[in-house]
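*Asks:* Sequence:
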Amino acid sequence: MLNTDPNLPDPDEAYARLIAAHDGLSEAESHAMNARLVLILMNHIGDRAVLDEALRLAREGPGN
Numbered sequence: 001m002l003n004t005d006p007n008l009p010d011p012d013e014a015y016a017r018l019i020a021a022h023d024g025l026s027e028a029e030s031h032a033m034n035a036r037l038v039l040i041l042m043n044h045i046g047d048r049a050v051l052d053e054a055l056r057l058a059r060e061g062p063g064n
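Numbering-wise, full-length UniProt numbering puts 19 at position 19 of the sequence shown, and it's gapless, one number per residue.
There may be inaccurate statements among the hints.
[Unchecked claim] If you anchor each label on the Cβ, the simulated ranges turn out as follows:
{"#": "1", "residue 1": "40", "residue 2": "61", "range": "19 to 25 angstroms"}
{"#": "2", "residue 1": "16", "residue 2": "48", "range": "27 to 33 angstroms"}
{"#": "3", "residue 1": "38", "residue 2": "5", "range": "16 to 22 angstroms"}
{"#": "4", "residue 1": "2", "residue 2": "24", "range": "30 to 36 angstroms"}
{"#": "5", "residue 1": "34", "residue 2": "13", "range": "15 to 21 angstroms"}
{"#": "6", "residue 1": "48", "residue 2": "23", "range": "33 to 39 angstroms"}
{"#": "7", "residue 1": "12", "residue 2": "48", "range": "28 to 34 angstroms"}
{"#": "8", "residue 1": "61", "residue 2": "6", "range": "15 to 21 angstroms"}
{"#": "9", "residue 1": "33", "residue 2": "55", "range": "17 to 23 angstroms"}
Honestly, the hints are just simulated from the structure, not real lab data. Just so it is clear, CB atoms sit at the ideal spot from N, CA and C, and this is done for glycine as well.
Please construct the entire structure, taking both the sequences and the accompanying hints into account.
*Replies:* Now the structure itself:
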């Protein structure tokens, strides 16, 4: 089951780290980095049902 409850001790800091990881990258490099990050995290999760739920939620957008 996908955990959608807040799970980061400092979400603002985590977001800042994500943004900082893109510093100095072109738009294409940034998109490629995001794709690699998604694949790395999908591999880490490793559960098809959880991935399917996450993909559905991401596609629907916030509040759906």
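*Asks:* Evaluate each hint against the coordinates.
*Replies:* Against the structure, the hints come out as follows:
| no. | hint | verdict |
| --- | --- | --- |
| 1 | 40 <-> 61: 19 to 25 angstroms | 23 angstroms, holds |
| 2 | 16 <-> 48: 27 to 33 angstroms | 31 angstroms, holds |
| 3 | 38 <-> 5: 16 to 22 angstroms | 21 angstroms, holds |
| 4 | 2 <-> 24: 30 to 36 angstroms | 33 angstroms, holds |
| 5 | 34 <-> 13: 15 to 21 angstroms | 19 angstroms, holds |
| 6 | 48 <-> 23: 33 to 39 angstroms | 34 angstroms, holds |
| 7 | 12 <-> 48: 28 to 34 angstroms | 31 angstroms, holds |
| 8 | 61 <-> 6: 15 to 21 angstroms | 18 angstroms, holds |
| 9 | 33 <-> 55: 17 to 23 angstroms | 19 angstroms, holds |
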